[in-house]
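S.K.: Combine both chains into one complex, guided by the hints.
Each chain, letter by letter, is given below.
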Amino acid sequence: MEQHSDTFLENASKALGNKAQADIRDLLGLFTPLLRNAAVDNFEHFEALRHHVKRVRQHSLDNLDHYLATYEQQALKNGNRVHFANSGDDLNSIVLDICQQHNAQRIAKGKSMITEETGLNDFLQRANLDVMETDLGEYIIQQAGETPSHIVGPALHKSADEVRQLFLQKHDLGERELDNTEDIVGEARQILREHFLKAQVGIIGANALVAEDGYSMLVTNEGNGDLCANLPPVLIICTSVERILPRAEDATAMLRLLVRSATGQSQTCYTSFYSGPRREQDVDGPLETHIVLLDNRRTEILASDYREMLQCIRCGACLNHCPIYNSVGGHAYGSVYMGPMGSVLTPLLSSLEESNALPNACTSCGRCAEVCPAEIPLPDLLRDLRHQETVEKITAPRWRIGLKLHTWLARNPRLYHWLTGVGIHLLHLAGRKRGSFRKLPLAGGWTSQRDFPTPQGKTFMQQYRAQRKQS
Amino acid sequence: MTDSSRAGIFSRVRQASAGADSAEIAAQLRSLGRAPAAALPCADLYTSFLINVLKNHGTADLASNRSEAVTATSKYIYQHYNTHRLVAGNDPRLAAMPWREAGVLPRFGALEPGEPVSLSYARLAVAELGAVVTFTGKANPAANNLLAENHIVMVDCMDLVVDMEAAWERIRQITDQEQRPRGVNFIAGPSSTADIEGKQIYGAHGPRQWHVILLGDVPATALQEARSIAAP
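Sequence lines, in order, name chains H and U.
Mapping of the first sequence onto the working numbering: residues 1 to 471, in sequence order.
Mapping of the second sequence onto the working numbering: residues 1001 to 1232, in sequence order.
In isolation and in its complexed conformation, chain U is listed as follows (with noise of 0.2 Å):
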C-alpha cells in the first residue's frame, strides 16, 4: 500500500509544483532572508536569558566555577530535598565536578522511576527563550529531562547564543563534528498545562520545578538585575 501511495503522492506533489532545479530552490531559499526574532528584555545577554528564565517559571543561580556550581547544586537540593542526591547522565563535564567538596552524592546514568532529581549539562542556552538545549544521549538521557520532579540544568556562559538561529548556527557546528543526535530539545520551564479552564498548573506529566545554574564569568548584578526586572 505504501510504494503504491507513495508514488501517487510524488506524482501529484510533482505535478502541482514549480520545477525549478536544486541550484534555482537553495538560490530562492537565501533570497528570503532570514526571520526577526524577539527583541532581548534588556541590552546584556546574560541578564536577558536569566530574565527569560524567571518568566518561564524557572529558577536561576549563577557559579563562576566548578566548586561554586557544585555548592549551588548541594545547596540547593538539600534546600528543596534534604537530600545530597541527585542523578546525573554521564557527561564527562559532571564525571570532572568536585562533587566530594560539597558532599554531593551523583549516580551517573538514566533516572530511574522515584529518583526526584536530575542534572542535565546543556550544549548550549538561547536568551530570546529562556532556554536551554540539551541533546539525548549517553551524556543526557531523555528521561533526565523528563521523569524527575526537579530539574537542574548547568549551562556555561560561552555557550549562551541571543537567538534560536545562532543557537541553529552552533549546532550544526556540533553536528559537523559528531553524529546527529536523536534528539535535540529545547527546554523553556518546567512541565506546564492550563487545559482545564485555562488555569496555570505546573508539573503537568514531567519535572515541577527547573532550576537552570549558569556557569562562567557573568557579574553577580546580572542575576539581580534580572530578578527585579522579572519579578511580577
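Looking at chain H on its own, in the form it has when it is part of the complex (with noise of 0.2 Å):
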C-alpha cells in the first residue's frame, strides 16, 4: 500500500474528530485485552513459554544462514520452487510472471501482511487480474476501497451496518435485505465459494517456515487460507527470510502464544502445514506451488541494533494494549504495519525521513513491553528509534534546541533546580488569582486543548526537601 506515514499528526486529529469511529476503538480497547487477559491467565506457565519462544526465536535468527539453507534445500525436495525477492517491487514481478506464465485471470488470495507491505493487489490489478480478498475482513476492505486498520482484524472499525450497506450497494442481491451478521456472512461466503472455485492462482501467506521439513504453517479460523491453498492449481506462498524456525515443534510452540495474544482463543479453528504441490497419488491440491522469500530490508535489520523486530509474530497484541492506537486507529498510521509494532518497524523497512513522526506516537507506559509475546522492547526500540532521528537531525530543530537545553540543565542540577523553582514561582504568581493559565509560551500544543493549571508554587523536590528537614 502506497505509504503516508509523514502526515500522521493530520491524520490522527481527522482520527479524533470522527466520534462514531472513536467509540468503535474506545470499545475495542477496553475488549481485546480481556480476552488476551483472560487466555494468558488459563495458560499456566505463559511467561515460561513466552520465554522459551524468545530463545528460539533467537537461536534461529542467530543461525539464520543455516536454517534458511536448510529450509531452502527442504522446500526444493519437496517439489517447491523457491524464489527470492529483495524488495518488495521484486516480489511483485515474480507473482505477476509464475500467474502470466499460466495465463491465470482470476486470483483467490489469503490474508498476508507480506503482499499487503508490498502492495501486490494494486500491483496485480494494475495488470488486469481479478485479484480478490478471501478474508472476511480483507473482502470488506477490498469492496470498500479501504486499507486494513488492524494487522489481526483489518476491517474492525467497520460496523455490521456499515458493513451491510456496502453489500448491499456493492452485490446483487435481489429481495435479500441481510438483516443480521449471520446473513453477512453467508452472503460473503457464497460470492467467495463461487470465487474459490473458478481461481486459476490461489496466493497464501505463512505464520511460520519449518526448516527441517520444508513445511511452512498456516494459522486461521475462517478456513479461506486453506482454501486458497488446496482449491487453486497453482499456489503462491508469500512471506519473508525470518519466519522461518528450525522445528515443527517451535512453529506450533509459537501458535499457543500467536492464538492467544491476537485473538484470546486457546486455538484456532485451522493450524495446516503444507509441504508443495500434490503427491502422484493426491486427487486434489495444486499442481505446481512456489514460494517467494521477501528480504525488503530485513537482513538490514537483521544485522542492526534492532534486530530483535524480527521477532514480531504480528499478533497485534501491542495494538489492543496502546493508548495512541486505541485513541487514533490504525488507519492513522499511514502504514501497513501501525501502533508499537508498526511505529518500530515502518521506520526500519521504508525510511526515519518519511515516517518521523511514528516513534513519537507513543506514551512510554509500557504496555505494548508487557503484552509482547515475543518480549520485544518496544518502548526502548522506539525511544532509540526517536534518538536516531535527533542525531540525524530530522527533528525540528526546536526540538533538538530545546532537548540540548534540557540535557544541559540536567547535568548541571543545582541551576536546574533554582531555574524550574523561579519559574514555578513565577507561574505561581501569574496565574494564581485566576487559577488556570489560556496561553503559555512554548506550551502552545498543551493550552490548545485544555487549560494550564497555575502551580501550587514549589516545585516537588522543594516539597520534598521541605518535608524531609520537618521528619
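Since the hints were made in silico from the structure, they are not lab data.
Errors might be hidden in some of the hints.
To be verified - Quick list of in silico lysine to any residue cross-link-like pairs, SDA-like style, CA-CA up to 20 Å:
(1) H:77 to U:1002
(2) U:1138 to U:1177
(3) H:458 to H:421
(4) H:77 to U:1179
(5) U:1199 to H:458
(6) U:1138 to U:1109
(7) H:198 to U:1110
(8) U:1075 to U:1063
(9) H:198 to U:1115
(10) H:54 to U:1031
(11) U:1055 to H:279
(12) U:1199 to H:186
M.R.: Below you can see the structure in the form of C-alpha cells.
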C-alpha cells in the first residue's frame, strides 16, 4: 500500500474528530485486552512459554544462514519452486510472472501482511488480473476501497450496518436485506465460494516456515487460506526470511503464544502445514507451488540494533493495548503496520524521514512490552529511533535545541532546580487569581486543547526537601 | 532477478549470523529444551480431549466399535440432513466400515459442490487443542475438510496424544514410513469468523458444523463429564 506516515499528525486529528469511529475504538480497546488476559491467565506457564519461544527465535535468527539454507533445500525437495525477492517490487514481479505464465486471470488471496507490504493487489490489478481477498475482513475493506485498520482484524473499524450497506451497494442481492451478521457472512461465503472454485492461482502467506522439513504453517479461523492453498491449480506462498524456525514443534509452540495474544483463543480452527504440490496419489491440491521469500531490508535489520523486531509474530497485542492506537486507530499511521510494532517496523522498512512521527506516537506507558508475546522491548526500540532522529537531525530544530538545553540543565542539577523553582514561582504569581492559564509561551500544544493549571508555588523537589526537614 | 536476489540475501544473512557449524547449532537447539504445553482441563486424557472439542464449538460422540461408529454416523446425518448419504475419502479404514448395517450410503472420493456432509478418519487427535489431525491425500482429499457444510471426523482413541509435541513425534514416525503428506491439517472446530464487530459466526467459508466420533474403549462417562464441564 502507499505509505503516508508523514501525515500522521493530520491523520490522527482527523480520526479523533470522528466520534462514531472513536466509540468503536474505545470499545475494542476495552474488549480485546480482556480476551487476551483471560486466555493468558488460563495458560499456567505463559511466561515460561514466552521465554522459551524467544530463545528459539533468537537462536533461529543467530543461525539464519544455516536455517535458511536448510529450509530452501527441504522446500525444493518437497517439489516447490523457491524464489528470493530483495524488494517489494521484486516480489510483485515474481508473482505476476507466475500468474502470466499460467494465463491466470482469477486470483484467490488469503490474508498476508507481506503482500499488503508490497502492494501486490494493486500491482496485479494494474495488470488486469481479478484479485479477490478471501479473508472476510480483507474482503470487506477491499470492497470498500480501504486499507486494514488492524493487522489481525482489518475491518474491525466498520460497524455491521456499514458492512451491510456496502454489500447492498456492491452485490446483486435481489430481495435479500441481510438483516443480521449471519446473513452478511453468508452472503460473503456464497460470493467467495464461487471465486475459490474458479480461481487459477491461490496466494497465501505463512505464519512460520519449518527448516527441518520445508513445511509452511498457515493459521486461520475461517479456512479461507486453506481453500486458497488447496483448490486453485497454482499456489504461491508469499512470506519473508525471518519466518523460519528450526522444527515443527517450534512453530506450534509459537502458535500457542499467537492465538492467545491475538484473539484470546486457546486454538484457532485451522492450523495447516503445507509441503508442496500434490503427490502422485493425491486427488486434489495444487499442481504447482511457489514460495517467494521477501527480504525488503530485513537482512539490514538483522545486522542492526533493531534485530529483536524480527521476532514479532504479528499478533496485534501491542496494538490492542496501546493508548495511542486506541485513540487514533490504525489508518492514522499511514502504513501497513500500525501501533507500537508498526511505529518501529515502518521506519526500518522505509525510512525515518518518511515516518519520523511514528516513533513519537508513544506515551512510554510500557503496556506493549508487557503484553508482547515475543518479549520485544518496543518502548526501548521506539526511544532508540527517536534518539536516531535527533542524531540524524530529522527532528525539528526547535525540538533539538530544546533537548540540548534540557540535557545541559540536567547535567547541572543545582541550576536546574533553581531555574525550575523560579519558573514555578513566577507561574504561581501570574496565575494564582485565575487558577489556570489559557495560553502559555512554549506550551501551545498543551493549551490549544485545555487550560494549564496554575502551579501551587513550589516544585516537587522543594516540597520533598521541606517535608524531609520537618520529619 | 531471483538468482541475484538469492545471492545477496544469503550473503547479508551470512554476515549477520553467528557462523556456528551444524553440530554446534544442533547442540544449542537441544539445550533450549521443550516448550510448556497448555494444561489439560482434567486428569483423564479422553475427557480432556472431549471437553476441548466441545469448547471449540464442536459436537462429539463415542463408539466402542465400527458398528457403533456407523450407527452414530447414520443417526447424526439423518437427524441433521434427513439423508443417509455422505462423502468419504478412499481411506481403507472407512471402506471397511459396515455401512449397510445402518443404511448409510457413502460415496468414496473428493466432495463435489452441493454435497453437504463429508467424513474423515483422522490420523491423530490432540487433547491439548481439542483438534483432529488429517493428512491430505487420496484417503482424505482437502475438499472434504473444507467444502462440506458438516464435517464428521472419526478418530481412534489409541491415536489421541496429549499435546502438540507428542503429535509431531507421532507424525515423524508416520512420515518415516510414508511419503511426507502435502498437507498436515490440525482442525479444531467449524470454520468461524469474528471480523464483523467481533461477533463470532460459524460457517465463514468451510463447515458450519464439526462432529467428532471417538472410537475405541472409552468409558461413556467421559463424554457425560466433558459435557458437564464444557457447558457454558
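S.K.: Hint check: residue 1199 of chain U vs residue 186 of chain H, CA-CA at most 20 Å. Holds or violated?
M.R.: Since the Cα atoms of residue 1199 of chain U and residue 186 of chain H sit roughly 14 Å apart, the hinted pair holds (cutoff 20 Å).
S.K.: Given the hint that residue 54 of chain H pairs with residue 1031 of chain U, does the C-alpha gap stay at or below 20 Å?
M.R.: 14 Å, holds
S.K.: For the pair supplied as a hint, residue 458 of chain H and residue 421 of chain H, is the alpha-carbon distance within the 20 Å limit?
M.R.: Roughly 7 Å between the alpha carbons, so the hint for residue 458 of chain H and residue 421 of chain H holds.
S.K.: Given the proposed pairing of residue 1138 of chain U with residue 1177 of chain U, does the C-alpha separation stay at or below 20 Å?
M.R.: This hinted pair holds, its Cα atoms lying about 17 Å apart.
S.K.: Would the pair residue 1055 of chain U and residue 279 of chain H pass a check requiring their Cα atoms to be no farther apart than 20 Å?
M.R.: Violated. Residue 1055 of chain U to residue 279 of chain H sits at ~35 Å, over the 20 Å cutoff.
S.K.: Does residue 198 of chain H pair with residue 1115 of chain U here, judged by a C-alpha cut-off of 20 Å?
M.R.: 18 Å, holds
S.K.: Does the structure keep residue 1075 of chain U and residue 1063 of chain U at a Cα separation of 20 Å or less?
M.R.: Roughly 12 Å between the alpha carbons, so the hint for residue 1075 of chain U and residue 1063 of chain U holds.
S.K.: Holds or violated: are the alpha carbons of residue 1199 of chain U and residue 458 of chain H at most 20 Å from each other?
M.R.: Judged against 20 Å, a Cα distance of about 53 Å means the pair is violated.
S.K.: Please work out if residue 1138 of chain U and residue 1109 of chain U have their alpha carbons no farther apart than 20 Å.
M.R.: 8 Å, holds
S.K.: Checking one constraint from the list: CA of residue 77 of chain H to CA of residue 1002 of chain U, max 20 Å. Satisfied?
M.R.: 19 Å, holds
S.K.: Do the alpha carbons of residue 198 of chain H and residue 1110 of chain U lie within 20 Å of each other, as the hint requires?
M.R.: This hinted pair holds, its Cα atoms lying about 17 Å apart.
S.K.: What's the verdict on residue 77 of chain H and residue 1179 of chain U, does the C-alpha distance respect the 20 Å limit or exceed it?
M.R.: Roughly 12 Å between the alpha carbons, so the hint for residue 77 of chain H and residue 1179 of chain U holds.
Violated hints, listed in ascending order, are 5 and 11; each of the other numbered hints is respected by the structure.
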